[in-house]
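S.K.: Okay, here's what each chain looks like letter by letter:
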Amino acid sequence: MTTRIHGAICIDGVAESGIRDVVFDGETVCQVPANGCRFDAEYYLPNHIVVAGGIDLHTHIGGGKVNIARMLLPDLVRSQPFQSVLVESRPNWLNPLSSPVPGTWETGRRYLEMGYTACFEPAVLPANARQAHAEMADTPWLDTGGYLLLGNDRLLMEWIRDGVPQQQINDYVGWMVRAHQCCAVKVVNAGGIDAFKFNQRHLSIDDQHVHYGITPRKILQTLSLAVESLCLAHPLHVHCSNLGLAGNIAATMATIDAVEGRRLHLTHAQYHCYGIDGPHGYSSAAKQLADRVNTDTSLSIDVGQVQFGQTVTLSGDTMHQFANRSLARPRKAIFQDLECQAGCGVLPFRYRQDQYVHGLLWTIGIELFLRVEDPLRVFLTTDHPNGAPFTSYPHLIRLLMDYDFRMSVFSRLHPDVRKSSSLPLLKREYSIEEIIKMTRLGPARALGLRNRGSLENGRLADIVVYEQSSNPEEMFSRPRMVFRRGRLVYRDGIFLSDAAKSTIVASIDVDSQMDSHLKELWHHRYGYSTEMIEVQTDELRSKMRMVEWTHLDKR
Amino acid sequence: MICPFCSLLCDANNLNEIHCDRRTASIAKYELRKRLSMEMPQSQIDSESLLTAIEASMVSALVQRFGEKCHVAVSIARDGSGISASVDGQILLETEVGRLCAPMAKQEITKALEAKEIDSQRWLQSANESLRRAKRILVTGRVSSVATARSAVAFAARFNATLDFAEFGNVFKNVLAMQRVGMNSVSLAEARDRTDQFIVIGDDTILQTVPRMPIALSSGESRGQTVLLLGDFSMASHAAWRNAGFDVWSVKCDLKSVPSALAQWSKWSDDLQSDSPNSKSLVSPLFQRMANADYTTILWCAENLRIEQADLWVERILQWIASRNEKTRCAALPWSSFDGTFLQVCTWLTGFPGRVSFRNGEPKYDPLRYSYECWLKQTQGSSDPESVVVLVDETIAANSFLTPLARKLLGNNVVIEMTGSSAQFPTSIAGLETTADMFRADQTVLARVSPCSMQKGIAKPASYWLEGLAP
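Residue numbers (this note's numbering), protein chains in the order written: chain A, 1 to 555; chain B, 1001 to 1471.
Be aware that a few hints might be false.
Unchecked claim - Just the calculated beta-carbon pair ranges, DEER-fashion:
id : chain 1 : residue 1 : chain 2 : residue 2 : range
1  : A       : S298      : B       : T1328     : 57 to 63 Å
2  : B       : C1374     : A       : Q208      : 54 to 60 Å
3  : B       : L1368     : A       : G163      : 53 to 59 Å
4  : A       : V210      : B       : Q1264     : 51 to 57 Å
5  : A       : S542      : B       : P1471     : 20 to 26 Å
6  : B       : L1410     : A       : S529      : 48 to 54 Å
7  : A       : D40       : B       : L1368     : 50 to 56 Å
8  : B       : G1220     : A       : G163      : 45 to 51 Å
9  : A       : K427      : B       : T1328     : 51 to 57 Å
10 : B       : T1328     : A       : N471      : 33 to 39 Å
11 : B       : L1286     : A       : D538      : 40 to 46 Å
Claimed, not checked - Partial list, computed: chain A residues near chain B (C-beta under 8 Å):
id : residue
12 : G64
13 : L376
14 : W549
Stated by the list, open to error - The list that follows gives simulated cross-link-like pairs (lysine to any residue, SDA-like), each with its CA atoms no further than 20 Å apart:
id : chain 1 : residue 1 : chain 2 : residue 2
15 : A       : K543      : B       : T1435
16 : B       : K1460     : A       : Q200
17 : B       : K1327     : A       : K543
It should be emphasised that the hints constitute simulated quantities derived from the structure, not laboratory data.
Quick reminder that beta carbons are idealized off the backbone N, C-alpha and C, glycines included.
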């Protein structure tokens, strides 16, 4: 089927923005044919923009801790639609999510309603990778992928302590990523989750793990080498040490140094750039981090912007989640020590704009967006649901594009925040091209998704049409049309059909000796065989599901 | 495989490698099904097996007809003199008690049996008609695979049904407590690797439910792991833990008093830490040892907690564990059973862990109102024949999935049965006869469990039947 969209402004961050035709044949964008060609479908859309499908590279949409959060908080669930109701007459974008951590169907639906077509779960615990994939399989309309959580697994830490050759670690990391069908590696508080299991309550970048005697710096060095050696498309995805602590910018900068110039992605960077100045000993260090990102092209960040309201924080960082237990609202929390691999902490949380620290977090996130110059290396996230539910993205886009609107929110913050913040001095307003780069092209490049993120020929026809509006929040809240692989699946609030979806996994050759070595070790460590937890590629395939592979293009 | 009796992950290749007391009755029922299906009339079935089947009253048998295998329903009566199955008057299968099961002569089974050929499309049609007429539908039973759990939720959404798979409310004791106060918990492999002191609360039935638990929790190293058995444990339980390498201590006490006992111990422990006068002489070596533990894991099996309002009991234990973590490390390992798989799947699909009603098209959660017992009570005594119960059981467990109360309350409700022994919709056992994704009972590891080659069956999974029903 050949489709033509014309009359609309095409924006993809690659070609110059302007009115031109977008044509797709079957699943991919193709060259505009010569005059006289007949199309199966044509849409004339003046006063609209056409962009590629959005990509969220850091959103917690599946796996153990997400489900635990759902289980913990039935009291926060409002009335919700279910999948039997496919066609909606009511404009759903006006409604909040039914819960900070909605069910899989609602997650897929609400992402599509904003024009997103691919999302990545950033913390897949090896032990429940199959669960994460199962949940993502049940999240309709979206292509998905996961980052494997390493850096607190005892096997790895023992090997680092014992000084095994780096090649053995590389083989192990490769085996783990392939066995659990992930596309990247994430480290959460390197060594810190495990240290907490030994009752160590603090572990900064150069502190020693109380049991293994190794430092987070050593773990980061080792893993970043492995990621580079395996040619994973996405750099090591790092949740730094000292999450949320005043003065943690020092550890964040040390983390960047630890990987010795190799590519690095710092996730939810907002939570990791705090100083110790200001009236409450808690201040913004966003400038320090942004300056470093601006000068070091091997770095990228996603922000993890905070928005005000009820949410739930969920993290593998049990150590720091536990430290924040008294802040839980409602007052209940779950902490888990998991399978010699990692852990998790789930805390319901309410961000209040009249609270000093909460207001400060809000300004730091916005500051980071505004201070990092290259929109291809700073990505729009709220670390859903930690900073806010993903449905707040359109609001966040407006904050970035509209200085006056930003200041109107800023004026309602705690007086000490207003007094100390440099935000009013940052007059930058993002252009629509920059927003598109930040939400499409940038994440696609960061993840090595060469067939996504732009409207170039040969790209997947995941295409979104927005009606132009002076209010970007309104515009990005409700696309007129969404095409998935060339097929119109959503139009004017109505879901027209289901869509084929892909699981994105890293292409890795695994050393067969490591396979047999781990089979033996696994049984000793976990009491069951590797066959039980290895996710086979065939499991990820079904009538409507495919598998796509990524790897680093060394060119 | 996941042991079909205790839902631990283990590497046994066939049922005979799993040694536990609970095995006997379950395997008897299972073996009978297999023999009726595959080997009749030559096989020998022992009396215990046949009685189990008789208790189940109906079994599905596979017979050869016109060169093709098909299912027939076989009724076994207590006074049957033999077993035969006929379709349209044609005898397809016949045997005598003496040949079928030599030791059965004492049982005085004298009467032949009747059987009907199953036409699954006809049964589906008939079930659909019942469901269409129904004003109230309950889906219940025992689900252990992700596929069937998904199908059950989708089925409930299609039919605006009530959904409660939490058998006996076992898991919900933990879930309700967790939803009120949160939880500090640990997974099995972590507990095995990290814990130096286990406190196991309950009685001997824990090892009947999870016979391999001591082996599963033992690190297998000479780390001096201690286990304190709190409750009513016999010497057999002590021996099982000791043989697995634990240093065993036991305190006999009423389960209801355990939270208070733990609180008291905390106080003594604090005294010990503060080195108050005489404190060391007051506390026993056991308490000193407990106070010095680096990582304590509290284990209980929800299935074996026979305490009124057990969720409140669990809540107090969880609060105690939370308080311990202020200074040291302590976590719960609440062991559930097969319910964990449904609980997880239902949560990610609906946002709720079960006990959900789709009455108005959207899932509503009420752990009391939407329990199956409450649903059955509401329909009991009603002359309205338009209440339908869909029973699904894809496990091998021998005990009935309905409590005596619920069995009584089934009353005049229309029952659509999807179990291993049902005639209309015979279902395979997940993980044993068909490949299944199943959660280990601590709900951490979702394993793909392939059937043992010896046990491969031909019955369809419950998910197949559930998906075949549509309004």
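S.K.: Range hint 57 to 63 Å: satisfied by the CB atoms of S298 of chain A and T1328 of chain B?
M.R.: Because 42 Å falls outside the window, the suggested range is violated.
S.K.: Can you tell me whether the CB distance of T1328 of chain B to N471 of chain A sits inside 33 to 39 Å?
M.R.: violated (54 Å)
S.K.: Hint check: K543 of chain A vs T1435 of chain B, CA-CA at most 20 Å. Holds or violated?
M.R.: Answer holds: K543 of chain A to T1435 of chain B is near 19 Å, not above 20 Å.
S.K.: How about W549 of chain A: closest beta carbon in chain B under 8 Å, or not?
M.R.: violated (21 Å)
S.K.: Under the criterion of a CB-CB separation shorter than 8 Å, is L376 of chain A in contact with chain B as hinted?
M.R.: violated (33 Å)
S.K.: Between S542 of chain A and P1471 of chain B, does the C-beta distance stay in 20 to 26 Å?
M.R.: Between S542 of chain A and P1471 of chain B, where Cβ atoms are some 24 Å apart, the hint holds.
S.K.: Take a quick look at whether K1460 of chain B and Q200 of chain A sit within 20 Å of each other, Cα to Cα.
M.R.: violated (51 Å)
S.K.: Need the status of pair K1327 of chain B, K543 of chain A: alpha-carbon distance at most 20 Å?
M.R.: Violated: K1327 of chain B and K543 of chain A sit about 52 Å apart, past 20 Å.
S.K.: Per the hint of 51 to 57 Å, is the separation of the Cβ atoms of V210 of chain A and Q1264 of chain B within bounds?
M.R.: violated (31 Å)
S.K.: Regarding G1220 of chain B and G163 of chain A, is the given constraint of 45 to 51 Å on their beta-carbon distance met?
M.R.: violated (25 Å)
S.K.: Could you say whether the range 54 to 60 Å given as a hint is met by the Cβ separation of C1374 of chain B and Q208 of chain A?
M.R.: holds (55 Å)
S.K.: Can you tell me whether the CB distance of D40 of chain A to L1368 of chain B sits inside 50 to 56 Å?
M.R.: Roughly 55 Å apart at Cβ, these two residues keep to the hinted range, so it holds.
Violated hints for the displayed structure, listed by number in ascending order: 1, 4, 6, 8, 10, 11, 13, 14, 16, 17.
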